[in-house]
Each structure stands twice: as C-alpha cells, then as structure tokens.
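S.K.: The chain contents come next:
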Amino acid sequence: NAGVTQTPKFQVLKTGQSMTLQCAQDMNHNSMYWYRQDPGMGLRLIYYSASEGTTDKGEVPNGYNVSRLNKREFSLRLESAAPSQTSVYFCASSNGYGYTFGSGTRLTVV
Amino acid sequence: GDSVTQMEGPVTLSEEAFLTINCTYTATGYPSLFWYVQYPGEGLQLLLKATKADDKGSNKGFEATYRKETTSFHLEKGSVQVSDSAVYFCALSLKTSYDKVIFGPGTSLSVIP
Chain A
1 NAGVTQTPKF QVLKTGQSMT LQCAQDMNHN SMYWYRQDPG MGLRLIYYSA SEGTTDKGEV
61 PNGYNVSRLN KREFSLRLES AAPSQTSVYF CASSNGYGYT FGSGTRLTVV
Chain C
1 GDSVTQMEGP VTLSEEAFLT INCTYTATGY PSLFWYVQYP GEGLQLLLKA TKADDKGSNK
61 GFEATYRKET TSFHLEKGSV QVSDSAVYFC ALSLKTSYDK VIFGPGTSLS VIP
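First to last, the sequence lines map onto chains A and C. Quick note: the first sequence, position 90, residue 90 per the working numbering, numbers continuous. Quick note: the second sequence, position 104, residue 104 per the working numbering, numbers continuous.
To be clear, the hints were calculated from the coordinates, so they are not data collected in a lab. Mixed in with the good hints there might be a few duds.
[Said to hold, decoys possible] Partial selection, computed: residues in chain C whose CB lies under 7 Å from chain A: (1) Glu42; (2) Lys52; (3) Ala53; (4) Val87; (5) Tyr98; (6) Phe103; (7) Pro105.
Cβ atoms here follow ideal geometry from the backbone N, Cα and C, with glycine treated the same way.
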C-alpha cells in the first residue's frame with residue numbers, strides 16, 4: 001500500500017547514544033516532515049524539507065539533525081540522545097492537500 | 001500568530017450519541033482546514049478537509065463546514081460508534097514556502113457501549 005514507512009517502530013537508547021530514524025514515502029510528495037508527540041504538548045515540528053535538497057528547522061530542532069537523501073527518504077538523527085528526547089516521532093509527507101503520516105517510532109531514552 | 005483552538009477533552013459519549021467537537025482558528029492568510037484522527041498506537045490519518053469558505057468536508061459519517069465569518073470548522077457526527085474512539089485534531093494549512101500545517105492540541109473521544 002502507498003504511504004509513509006517509518007523504522008524502527010520501537011527503540012530504547014541509553015543517554016549519549018546516537019541513532020537515526022528512517023522515513024520513506026512512495027507517493028512522490030515533495031515535502032516531508034518530522035514531528036514529535038508528547039502528552040500535553042501536542043504535535044511539534046522538528047524539521048521539514050519543502051523539496052528534495054532542502055531542509056529547514058521547525059519549532060524544536062535542538063538535538064536533532066536531518067537528511068533529505070532523495071525525494072523518497074527523509075531521516076532524523078539524534079547525535080547524543082537525552083531523556084528529554086523520549087517521545088513518539090512521526091514522519092509525514094504532503095503534496096499540498098493534506099499530510100500522510102507514518103505509524104510512528106516510540107523512542108525511550110534511559 | 002496563526003493558531004488552532006479546540007474544545008478541551010476528554011469527551012465521553014454513549015454509542016449512537018451526537019458528536020460535536022468545536023474548532024476555531026486564527027490565520028493571517030486564507031487557510032485550508034482539516035480534521036485528522038489518531039487511533040491508539042497509530043499515526044494521524046486525514047479524516048476530512050475543506051479548502052474554501054462554505055465548503056463541507058465529509059468522510060465516514062463525519063462532517064465539518066468551513067465558516068469564514070466565525071473562523072470555525074466544527075466536527076460533527078450524528079451517531080457515534082465505539083470504533084470512533086480516538087483523538088481528533090483540527091488543523092489549518094497555509095501555503096508558504098512549504099505546506100505549513102498548524103495542529104490543534106487534539107480532543108480525546110471515548111465512546112462507551
């Protein structure tokens with residue numbers, strides 16, 4: 001089925017470890033996004049990529065980096081994980097008519 | 001700035017009850033409006049949308065009408081089911097250099113048999 005695929009679905013990290021969250025879409029969308037969702041905080045935009053080759057900071061970019069590898073793939077990297085980065089991370093893509101979300105990565109940093 | 005306000009939850013209804021979730025927005029431009037739904041353990045899914053004033057979006061028995069004069073986009077369903085239990089997010093989209101979407105805080109709905 002067409003959509004947005006995120007990997008992994010679950011991850012536990014120790015403080016200071018690094019990891020990359022992967023996201024791929026097969027809908028030929030130009031724009032891609034990374035959000036985090038925390039209880040009581042709603043959805044907060046971390047980074048976005050309006051088109052292949054461009055990336056920009058969102059509302060909460062500190063502690064994260066992104067790579068728009070090609071039109072399909074948009075990865076999120078945590079260089080040195082902190083407990084404050086415990087969250088559910090969602091990738092999304094759009095063509096200007098609404099977002100399509102992945103199923104999320106539940107990350108716990110201990 | 002641009003923002004979306006939703007009624008506070010959680011909302012608990014009995015099966016077959018009428019549902020209204022209020023949503024109002026503030027936007028500098030002329031936004032498109034959306035409702036997304038998030039079922040437990042899943043990502044958000046687009047439920048319905050409206051792109052101009054007086055448009056009515058509808059899907060799965062849910063409806064919402066774009067009211068420019070009251071800057072509102074209230075979600076309604078005539079008869080809810082247990083399977084409608086989820087979190088509902090109102091959102092607006094502004095065409096800037098990218099498809100900028102602003103989400104409301106979400107309203108949790110529980111439907112009991």
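S.K.: Against this structure, judge whether each hint is valid.
M.R.: Checked hints:
1. Glu42: At 6 Å from the nearest chain A Cβ, Glu42 of chain C passes the 7 Å test, so the hint holds.
2. Lys52: violated (13 Å)
3. Ala53: violated (18 Å)
4. Val87: Violated. Min distance 10 Å.
5. Tyr98: It holds, given that the least Cβ distance between Tyr98 of chain C and chain A is near 4 Å, below 7 Å.
6. Phe103: holds (5 Å)
7. Pro105: holds (5 Å)
In terms of the numbered hints stated before, the structure departs from hints 2, 3 and 4, listed from lowest to highest.
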